[in-house]
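Start from the sequences, fold in the hints, and give me the full structure.
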Amino acid sequence: MDLSLSEDQQTLRTAFAEFFDKEATVERVRAAEPLGFDQELWAKLAGTGAVAMGLPEEAGGGGATNLDLALVAEQYGRRLAPVPFVECAAAGAILAAAGATDLLGGVADGSTLPTLALSPPRDGRLPLVPAGAVAEIVVALDGDHLIALRREPGPRPRPRPHVAASPNFGSSPLADWLLTDGERIELAAGPRAVQLYEVGVSQWKLLTAAALGGLRASALELGVSYVKARQAFGVIIGSFQAIQHRLADLVVAGDGAQLLVYEAAWARDTGQPEAAALASMAFLFNADTAFRTTRECLQFHGGYGVTLEYDIQLYFRRAKAWPLALGDPKREYQRLADLAYPQSGPVKEDTVKDTGEE
Amino acid sequence: MDFKDVDKLAEYRQGARDWVDKHVDPAWAEQQRTSGSYHTPELHALLAEQGWFGAGWPAEYGGTANDPDMAAALIEEIEGAGLHLDGWYTTRMIASTLLRTATEEQKRAYVGGALRGEIVIVLGYSEPDSGSDVAAAKTRSQRDGDEWLINGQKMFTSTAHRATHVFMLTRSNTEVPKHKGLTTFMVPLASPGVEIRPVYTLGGQRTNATFYGDVRVPDSARIGPVDGGWGVMHVALVFERSGSGSGGGRRSGPSLAERVASWAQQTRRDDGTRVYDDATVKERLARIAIDAEVSRLLALRTAWISAAGGLPGTEGSETKLFSAESAQRQHWDLLDILGAEAVLRREAGDAPLTAAVEEAFRRGVVGTIYGGSSEIMREIVAERVLGLPRVRARN
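Here the protein sequences line up with chains W and U, keeping their order.
All letters in the first sequence, in the order written, are residues 1 to 358 by our numbering.
All letters in the second sequence, in the order written, are residues 1 to 395 by our numbering.
The set of hints was computed from the structure by calculation and includes no laboratory data.
Since the structure is predicted, the reported quantities are computational estimates derived from the model, not experimental observations.
Ideal Cβ placement from N, Cα and C applies to all residues, glycine included.
Incorrect hints may have been included.
Just some of the chain W residues that point at chain U, by a computed CB distance under 10 angstroms [what the hints assert, rightly or not]: (1) Phe169; (2) Ser280; (3) Asp288; (4) Glu332.
Quick look at the structure:
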């Protein structure tokens, strides 16, 4: 057991903390609303090598681990960077795993942006594809066919968005894609298609969890600094027990949420059998903790919390919106139950030992 | 990073199981359950005599050459057989505290005695009028030549009726702020003037109220400086919060939630549907799995800091807070899932899971109270992690 980051990982984390602090300022985040995409930032991020860092080296990527990706996603989440880092990483990884390296040209330099549809097509339409408004390629599962829809090539860089964005409170570049919106490329069929897709969605959950973890940490900092400064009844409101205890619970849940992300990333990197269950846990727990954190910290802002002028609302909206891309989290809880309690056979009650303190 | 659950105990488990089969009388668990005394002297003596308590401790204070991993595996197997080792847990906590706070002579006497099983130490912190506010202790210690006279009352002195010493927090000075007038002692429970009365609890455990009337102890029983007891307590409380668990390791048998899940997968309701196929059941079970993993990870972090030689202060508090709170949520949900029969006691004969959930529910209630209540844990996190001002006035 070793819960410390290696020197390389610490360097990576620091480098991207600095990058997003400098490039994804709150002014840039606000300026990118409502679409939620900043072309210049995307190009700069590509310039750092981050956009393709998780792709295999032969596909022009950096061969980064899931833990590396999670560390970058955390920093990206901290600054609510208006770029689809997570979607691009997950979709790119599916394409690479499917052997579609020809589709990956242009990913590393940011000119081709792949994303993935989290729902199957309905009536010829992929609804609310995350980053769908700004992507050139959408990976989707159509029945048991893994497909990529590619918009026809044009001059680069092409102006984004290409597809009409669906206005949403998360300021995410969501868009519906018709199956006719691009050239349909078959990547795999049958069980392999389903497996490639599920492994990709699992990575999306993991990296979204990491991003939500970063978002949560920043929101908590905002909340804590506010309650340390704001006075009521002649004292700072951070001296009230009702506020302190709720913040303390958020710290504890937040530490647990971060450990879950790191564990899930490690599990995926090292091929642990519970990797999928852990990614699901990391997703659900980070979604829950991030939203609870932003909600509490908004509440502690009092009336200012609902004004657009204060930044906490930026976090609050995204904390709810980002996980919703996967649909009702209650369904994910049910999927997790099947992973966490496999129905391999009954526990023989007569052989169960009394485990005492539980 | 490496989260590998090195079950470094894996290779010891079979040996530990064999040891339990050979040495543990199956009647002991039932005796503990019905008496509520979570200390079996025969078992304690046996573990000490075979050198298992001394495993991994410094040789000069009674440490043995026994393999600490085997000792840990043994303890887990013994717990798995439904036995508690409360007498050893409190003894170990205080022995660990003494290693950092006591004089050379005291370490040899108390730690050595503890590891040999001759000394069983219980905790004397809480009083009728002070629990979480542990520094408000009123039990008086007054110097009398080379001796001290102790007068007062302690509450929740669990295992005192089967122990040899109580590690006691006393008020030695009433003229100074409360944290500065405390002194700690190792008080022999056989001393004249000590009285022990049972107190029975919701979880089935017997604890005690203990009374001290003109109890005399030599100055050599004093731990740490006169009026310096708060410093000693600081160490003791960290060991209490970070201390006794199995260090984040995965337990060997199925967890309570896994047993309920398996039950739900096999059980049909009146309308013919499987309990497990109820989406709300699945959701609750999934939440429990997440909480359990988070508890495990927080404990793993505490263990990792300890293993690196650190003293996990706030991390221990966080672990204690989350695991105790989430364990209770788990018990409530598991009872609900079991339905009407969940209330049945073991004596009913047909309780689901032999009443394991019902018993865990009643036992778990104390988890958010003892060893520092959840409210105290939150206060520690708010102050020391977030740097928020102390709510209470210092006095």
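Results for each hint:
Hint status for Phe169 of chain W relative to chain U: violated, with the closest Cβ pair at about 25 angstroms, above 10 angstroms. Look at Ser280 of chain W: its Cβ gets to within about 8 angstroms of chain U, closer than 10 angstroms, so that hint holds up. For Asp288 of chain W, the interface hint holds, since its Cβ comes within 10 angstroms of a Cβ in chain U; the closest pair sits about 9 angstroms apart. A distance limit of 10 angstroms between C-beta atoms decides the matter here; for Glu332 of chain W the minimum to chain U is near 8 angstroms, and the interface restraint holds.
Comparing the model with each numbered hint stated earlier shows that hint 1 is the single one that does not hold.
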